[in-house]
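A.B. asks: Listed below, chain by chain, are the residues.
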Amino acid sequence: MAHTRNPGVPLALEDLVSVNRPAAERRAASLVARRSLKGAHQAAWLLNAIACMDLTTLAGDDTPARVRRLCAKARRPLSDEVVAGLGLSEMPKTGAVCVYPTMVATAVDALAGSGIPVASVATGFPAGLMPLDLRLAEIRYAVDQGAQEIDIVITRAHVLGGAWTALHDEVAAMREACGAAHLKAILATGDLVTLTNVHAASLVAMQAGADFIKTSTGKETVNATLPVGLTMCRAIREYRAATGHIVGFKPAGGMKTAKDALGWQVLMREELGLEWLRPDLFRLGASSMLADIERQLSHHVTGRYAAHHRHALA
Amino acid sequence: MITEILENMSYGPAPESDALARDWLARGPFGHFINGRFTKPGVLFETRDPARDAVLAEVSQGSEADVAAAVEAATAAFPAWSALPGYHRARYLYAIARQIQKRERLFAVLESLDNGKPLREARDGDVPLAVRHFYHHAGWAELVAEEFPGQEPHGVCGQIIPWNFPLLMLAWKIAPALAAGNTVVLKPAEYTPLTALLFAEICVEAGLPAGVVNIVTGDGATGAALVTHPGVAKIAFTGSTEVGREIRRATAGSGKALTLELGGKSPFLVFADADLDAAVEGVVDAIWFNQGEVCCAGSRILVADAVAERFTAKLRARMESLRVGDPLDKSTDIGAIVHPRQLARIRDLVAQGVAAGGVLHQGYAPEGCFCAPALMLEVSPANPCFSEEIFGPIAVVTSFRTPDEAIELANNTRYGLAASIWSENLTLALDMAARIKAGVVWINATNLFDANAPFGGMRESGFGREGAREGMAAYLRPLDATAATAPDPIAPLPQPVAITGIDRTHKLYIGGAQKRADNGQSYSIIQDGRLLGHAPLGSRKDVRNAVEAAQKAGGWTRMSGHQRAQVLYFLGENLSARAASLEHFVAAEQIEAAIARCFHYAAWADKLDARVHDTQGQHVTLAMKEPFGVMGLICAEEAPLLGALSLILPAIAMGNRVVAVAPQAAPLAVLELAQVLACSDVPGGVVNILSGPKADLAQTLAAHEDVAALWSAAPELADMIERESAGNLKPVWQVTDATGQGRRFLEVAVQIKTIWIPYGA
Chain E
0 MAHTRNPGVP
10 LALEDLVSVN
20 RPAAERRAAS
30 LVARRSLKGA
40 HQAAWLLNAI
50 ACMDLTTLAG
60 DDTPARVRRL
70 CAKARRPLSD
80 EVVAGLGLSE
90 MPKTGAVCVY
100 PTMVATAVDA
110 LAGSGIPVAS
120 VATGFPAGLM
130 PLDLRLAEIR
140 YAVDQGAQEI
150 DIVITRAHVL
160 GGAWTALHDE
170 VAAMREACGA
180 AHLKAILATG
190 DLVTLTNVHA
200 ASLVAMQAGA
210 DFIKTSTGKE
220 TVNATLPVGL
230 TMCRAIREYR
240 AATGHIVGFK
250 PAGGMKTAKD
260 ALGWQVLMRE
270 ELGLEWLRPD
280 LFRLGASSML
290 ADIERQLSHH
300 VTGRYAAHHR
310 HALA
Chain A
0 MITEILENMS
10 YGPAPESDAL
20 ARDWLARGPF
30 GHFINGRFTK
40 PGVLFETRDP
50 ARDAVLAEVS
60 QGSEADVAAA
70 VEAATAAFPA
80 WSALPGYHRA
90 RYLYAIARQI
100 QKRERLFAVL
110 ESLDNGKPLR
120 EARDGDVPLA
130 VRHFYHHAGW
140 AELVAEEFPG
150 QEPHGVCGQI
160 IPWNFPLLML
170 AWKIAPALAA
180 GNTVVLKPAE
190 YTPLTALLFA
200 EICVEAGLPA
210 GVVNIVTGDG
220 ATGAALVTHP
230 GVAKIAFTGS
240 TEVGREIRRA
250 TAGSGKALTL
260 ELGGKSPFLV
270 FADADLDAAV
280 EGVVDAIWFN
290 QGEVCCAGSR
300 ILVADAVAER
310 FTAKLRARME
320 SLRVGDPLDK
330 STDIGAIVHP
340 RQLARIRDLV
350 AQGVAAGGVL
360 HQGYAPEGCF
370 CAPALMLEVS
380 PANPCFSEEI
390 FGPIAVVTSF
400 RTPDEAIELA
410 NNTRYGLAAS
420 IWSENLTLAL
430 DMAARIKAGV
440 VWINATNLFD
450 ANAPFGGMRE
460 SGFGREGARE
470 GMAAYLRPLD
480 ATAATAPDPI
490 APLPQPVAIT
500 GIDRTHKLYI
510 GGAQKRADNG
520 QSYSIIQDGR
530 LLGHAPLGSR
540 KDVRNAVEAA
550 QKAGGWTRMS
560 GHQRAQVLYF
570 LGENLSARAA
580 SLEHFVAAEQ
590 IEAAIARCFH
600 YAAWADKLDA
610 RVHDTQGQHV
620 TLAMKEPFGV
630 MGLICAEEAP
640 LLGALSLILP
650 AIAMGNRVVA
660 VAPQAAPLAV
670 LELAQVLACS
680 DVPGGVVNIL
690 SGPKADLAQT
700 LAAHEDVAAL
710 WSAAPELADM
720 IERESAGNLK
730 PVWQVTDATG
740 QGRRFLEVAV
750 QIKTIWIPYG
760 A
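Sequence order for the protein chains is E and A.
Sequential numbering of the first sequence, starting at 0, is according to numbering that gives the first Met the number 0.
Sequential numbering of the second sequence, starting at 0, is according to numbering that gives the first Met the number 0.
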């Protein structure tokens, strides 16, 4: 990591503000309409998306075999033909692989020597409604298994009830339990509904020491949306201005296309700057998006539209 | 290559192809579009691509003869076009909308090339809004007979549009004109004639009858020929306030209807409780949209002291990420300035602002006809950049301490086009919206437009509205609006005659008190050879005093319609009680009619409701009806008491304060009103009554810069009054039915303020 970790700060409620949704929606819509990426630039940005991707499987039917297959894809996200066609000197790899705690050991094993970190969800993912000591124990278990990144979920009730101290204490305790592993705080923004809630939860999670703030579990009815992402990016910017500390951002859930990958990167570039286009500060939590990126890159190389079945499954 | 891009993550070029547009341009040089066909190209001038400093095409300079031919064609087409059932006109407008949609990319590219605006804005803004305008007005064509009974089209409309939104302004002008049944002669701006010529082709494709739409290209001289052509019944102009003034003078006394959409220096208010990041984007959409070449651009940023430093820091950071350059590149935020002359004007004004103490922070722009976005800090109201419209991507910033001071600064301008208010407190924001002098107010947003939302200005930003029902009204007139008959000359002041009977003392009525004329003179009032009495000989200074008194009576405007109704009923009651004394001056029937009129307008006082318009997107879009403030009224000579009250009552019922010039030859009954007004709880200053030389008093009122609107029932003075009104561009209504009553008197006693309130939890 290029930057020092966010140590957190005491709870500071005076920074909470009201967020205007129609204005945020207008900005989000115009953001992606204002920037266009063509040809080699589009290909480069799609490659960057792969490097920032947390390739994810978080399903009830996950098995070690399924996780191993995902890890193999994380090591070789593109075909050799496409890699050569793009003029790359080596095979790219994804930013991380993200799994349930019981799958961490399998993933660590499958990724050995690749340099790809394993991220684990924890704290009673996705709802988080478990006793705190069990949630903290789950974090410690995942770290023990070899997870370098822990994606925790916050207690939505704390946000909906305005219990900011409780939220701050909870995330701070989780951060402590993570030890050297990085903490990504999932806000489950689809449950928080208002952008004002999203903004407040973002700030409090950062004040409590989150290394990343993340939109969604992928299990809410509404997952990552650009207005939500915009609001969280602005909170990251404000937190940095107020404290000097740097926090990363991870949208997750609902993003399926190469176009989504470009849109989210444009958001990062415009609202936070170049630093937030690197995997230490930006991750895309996705599973099916990679397949679409692969097809677009294949098209860039061959000039022919690609078929899913000609590319390796994740 | 790719590994290099991965390092810097640059956007790279993303140009839109101009091949289609180049093919189309090869049809040049272009003639005019008159009577359904293109004329042979005449004297040519170049239209240029400002971004590349290259000629795009040659177009014809419209001569007086060209304008005359176009007006002739439009005149010939008018009877059949206006007689078509609305449904048939609707089908043509619908066809035009569809045809533009089919060529949307060509329109967008051509607009971007000719104007220098980013393709993205032409593609996502100008063209779809123009299409929406034709669809919306296809609807009005269908409904006009049903929804505007007793109204008829004007005839031939002369329309002159600016270079900042060429196609969109064309749509704003042509769509309602055609829907109402008018025919048009349109002159596009000298710098940007191309999309109008492409539109002419659309008219052919849509099968529009020949002569209904005519397009004559050219410069200001062509426009002037159109404005002064006697065959034109209405002029609609969008452009600079200076040219608007010239047009007002040129059309004075001609009987031509006129609407003007002029310049602005619109305030952008940021309160401490605003979503500051949202407000920053608001500034981007306000002044860094269309290169700042936007009449309603939020160009004066007024920010609460408490957040001024934080807000300007955010704004400066945001300015750095704007990309200025090739308009056809899809990643361009700000394109080229329309013409080097405009760029020079911007630079000159900015230099003046800096010389006056402004601190300039400027972004980046490439070489050529481009202007870097900029913020000018520490700009006080005395700085020319605070008052002058720059029409470039330059915003000035100043701070305020309280909401009252914010309003004071916001209204410290000759203009009144638009305003943008940022606060998460709706109570505060709506209060500000009510107090700002502007035709359009956006709350937590800026530059929102829709075909079903009225757009237009107050003060020197012009008069008349475009869009929605209110905009349609500007292309219609009452069926009984007869052509002006040759007016009677004003009678000279009478010679002295010996007094008979008991003398009565009449004085001017100013600020709720009876005052002698400032010059200490009176004149004789003679009726049927009999001396009725003497009236004070009012002069300039009495006009000044009356306007000042009216200005101070703002409490009347703030009263509710219900409260004003009570006063008007009481006025009627007291008129009745004093009927006997009034009968000395006017007939009993006239007094009875005057009393009835009090009841009529008392009834209306709380019923001329605002509208809520159905616009695209999640907004409440209100069209409020606000009084002008201080109005001048030149009363009719006929039926003196009823004539005067026919103007005074609707004006004050809507909350205006008035200075009324009583009929010169028979002012006594009106002066007699002073006593009735005083005992009827009409607050002092709400109604002021002057007598004396009508033309002199009317001239002073028409020229007065603190009088917001003027009604005249003196057709013999129309030319002079309209010419003088150009000073502050007050709307003038020539009253044709000076003793009439009804809703139309009320509609002209108010101006529309459109308030946009977006919502979303």
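Bear in mind the hints are in silico, worked out from the structure with no lab data behind them.
Treat the numbers as computed from the prediction; the structure is a model and nothing was measured.
The beta carbon of each residue, even a glycine, is placed where N, CA and C say it ideally should be.
Any given hint could turn out to be false.
Covered, in the sense of this in silico footprint (three residues per stretch, anywhere, with C-beta under 8 Å from a C-beta of chain E), are these stretches of chain A [to be verified]:
(1) 0-6
(2) 20-34
(3) 99-106
(4) 748-760
A few chain A residues that don't get close to chain E, going by computed Cβ distances all over 12 Å [as the list claims (entries may be wrong)]:
(5) P40
(6) A82
(7) R119
(8) R122
(9) A273
(10) D274
(11) V283
(12) D284
(13) D304
(14) K313
(15) A316
(16) A364
(17) S379
(18) S422
(19) R557
(20) G741
A.B. asks: Compare the structure with each hint and give your call.
C.D. replies: Comparing the hints with the structure gives:
| no. | hint | in the structure |
| --- | --- | --- |
| 1 | 0-6 | holds (count 5) |
| 2 | 20-34 | violated (count 0) |
| 3 | 99-106 | violated (count 0) |
| 4 | 748-760 | holds (count 4) |
| 5 | P40 | 37 Å, holds |
| 6 | A82 | 45 Å, holds |
| 7 | R119 | 6 Å, violated |
| 8 | R122 | 9 Å, violated |
| 9 | A273 | 8 Å, violated |
| 10 | D274 | 4 Å, violated |
| 11 | V283 | 8 Å, violated |
| 12 | D284 | 8 Å, violated |
| 13 | D304 | 18 Å, holds |
| 14 | K313 | 9 Å, violated |
| 15 | A316 | 9 Å, violated |
| 16 | A364 | 17 Å, holds |
| 17 | S379 | 29 Å, holds |
| 18 | S422 | 10 Å, violated |
| 19 | R557 | 30 Å, holds |
| 20 | G741 | 40 Å, holds |
When the structure is compared with the earlier hints, violations turn up for hints 2, 3, 7, 8, 9, 10, 11, 12, 14, 15 and 18 and for no others.
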